[in-house]
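Colleague: Sequence:
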Amino acid sequence: MSILDDLNPFQREAAATVEGPLLVLAGAGSGKTRVLTYRIAYLIQEMGVEPWNILAVTFTNKAAGEMRERVENLVGDLAKDIWIGTFHSICARFLRVEAEKFGLERSFTIYDEDDRRAAIRRVFESHKIDDKEMTPRSVIGQISRAKNAMLDPASFAAEAGEAPNRKLIAELYTAYEADLRRNNALDFDDLLVETVRQFDNHPEILEKYQRRFRFSLVDEYQDTNKPQYMLCKQLAAHHRNFCVVGDDDQSIYQFRGADLRNILDFERDYPDAKTVRLEQNYRSTARILEAANQVIGNNKDRKGKKLWTDGPDGDLLELVQCDTDRREARFVVETLRKQVGSGGYTPGDAAILYRTNAQSRSLEEELQRSGMPYTIVGSIRFYERREIKDLLAYLRILTNPADDVGLRRVINMPRRGIGDTSLDHLQRYALNHGLNLFAAMGFLDQVEGLNARAKKHMGEFKAIIDELAAAKDEVTLPELGQRLFERSGYQQMLLDENNPEAETRTQNIEQLIAFMTEFCETRDEVTLDSFLEEVALMSPMDEAGDTSRMITLMTLHSAKGLEYPLVFMCGMEENLFPTARAIEESRSKQNQQAIEEERRLCYVGITRARQRLYLTYANRRYAYGNMIDCEPSRFLQEIPDELYSVKREVVEFNPRTRQPGRNRFADKSPKERSDRSGAPVRKKIPKDKPKGVHYEWDEGVKPPPQLDAFADFVDQDDFLAVGQWVRHASWGRGQIIARDGHGENMKLSIRFGPHVKKVAVAYAQLEPA
DNA sequence: CAGGGACAAAATGAA
DNA sequence: TTTGTCCCTG
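Take the first sequence: its position 379, counting from 1, is numbered 378 in numbering that gives the first Met the number 0, and each next residue is one higher.
Below, in silico cross-link-like pairs of lysine-lysine (BS3-like), each with a Cα-Cα straight-line distance of 30 Å or less:
hint : residue 1 : residue 2
1    : Lys61     : Lys79
2    : Lys225    : Lys207
3    : Lys304    : Lys61
4    : Lys305    : Lys646
5    : Lys79     : Lys100
6    : Lys273    : Lys304
7    : Lys79     : Lys471
8    : Lys100    : Lys471
9    : Lys207    : Lys100
10   : Lys299    : Lys273
11   : Lys588    : Lys302
12   : Lys61     : Lys273
13   : Lys471    : Lys455
14   : Lys471    : Lys61
No lab work stands behind these hints: they were computed from the structure. These numbers were taken from a predicted model, which means no experiment stands behind them.
Work out the full structure: start from the sequences and follow the hints.
Modeller: Take a look at the structure:
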């Protein structure tokens, strides 16, 4: 009697082969996670392996948490001592634990994408780079690529040669690295690269871990990049009980440096490796699997395997052509309503997948109208919100005062009368004396050019930070958060703003503090550093929370590893999926790599579906505010016709022109449409309308004055959508800016403070039919 | 120094 | 259509 009796023969072989290198090629839905968890349980229960001798690496925290939970179900509390984590979190742990020996500061900050951009901008400034000739984005991209290729600035420069820019980039790369070091910060790439480098330089420390991890497992091996690959190699070198699980057909992170060769060449790297294939699928119907097999069969660069099932054929796939993206969204929502109503499905059974985050918008609007519960993974990420990032920046400074990027972010937030000029003076002093900004604030009297006011304000800021930093080890994390919220003046600032927007932001901060409490309760070892680290390494999936009761909207990338009875794949159009860039690359470089990666993504999408799969595309779609024509994705043709039910078209015709889709009211509700009947003849928006006219109002004033403001230059009757923006706007002090009209459209922005809070489009009326 | 308005740029994906 | 920045003004 063994725990492995629950597995099929192939799964059992994969779980029981614990000695030596093992490659498990696990197709989608073949019970991969099951194999991994049973393998761990088997090691502990039947092989007598101590949990702390096992290392399991995943790609997301969510996957790590799930794995731990499932192992716990099998072996109980012992699961707590297994090292389970993501590459990034495990590396961060190595770097902190060994900080002293590695010559690092323990409290390093992890820079996210924004911080990185801010840092590179500073480098641009000091190198007098005009961001017209070179965008921060492209430079960051090149630096990141260099890091993932394990090239330091020197070797990057050495490789230079042809490209004239390359020398300059190498210089910027050098400066960027120096900046990070000065700020005691590491970016995402550094976490991996630095760990590998340090292990290379400190073999005795590496050896400690090599000995410790007698058995190591890596999930999603097809998505490892070079440093991850090398780290695996380093850690597994001693015991060589190294098990990797992956699916070459699901490699979708090339843009992040993932190298398909890592899995394709595993048997070459480890000649004594055993390979086990898991091809029986327990997830999808036969038809869905057939579609997936057909699509992926067009790829050349793969190991080759074919999923099969002994389950039912299932329903045919539905292919739906829609007039516009709006209509597409409506189709999805209407179908969902039916399936949830009489189809016997729950909202939690459904996922709506798309290629780009931007596509979520029209879908969300429709869902909102429908009243069905939904959640969007990764669109407006909680930890990307301004107020959250501000508070986190404060916290970062408390533990790492050298964090200039964080300091710049909040030194004048709330407004303290410390402007750019004063900061420049401080920065100059700091540079001259080899200090970071915070340290420089200790010598305010010596800083040239600072006026008394700025000195006073900076002194006050420093005092607040000092006070909170002193308290950080005395009080609990949530208390620290609360105290920071108050003492920094942030709370008062939001109170003063006194509008619904500020209220939401206050609530968000309260939620952050609540999360701190939860963090303290669920962790053994709680430090400010560990909290900040957890937050920095959080993935959008990790933030999504409980998705079991809601329709889930997410990108195809986020969907990897998940499954749903009901799946919609939207925006199946050329130039969107595959992306224009991938198509362009296949044309210019004459290679299919980019297209093949898109195709793998398509394969991932299809194999998420258990029972029903809808594929939708639009004839026309909004992009940057105007309609563009679209063509169906090539991937749709790669699925054989007999797998589709009768092709459906959802097109609305303009009754007046008898042309498809020319009727801009087609997407309005019947009520809105009928409101138009008997309306006055269209009026032209006056040509001499002053440009940029704006109307201001005071706090507490309600809609009517604003409508009057519009009526001043355009008759109110001309607008159908007025009610819409009125509903959405909030009533603080503000202004309305009338932008130029575009034919029949009139664009109106409602601004509050420095940011546009709500933009509405009001449509002039059409002539009656 | 703060805030407004003109103007340019944007969006592939994510730890 | 939305967001970010740059320059100008009070």
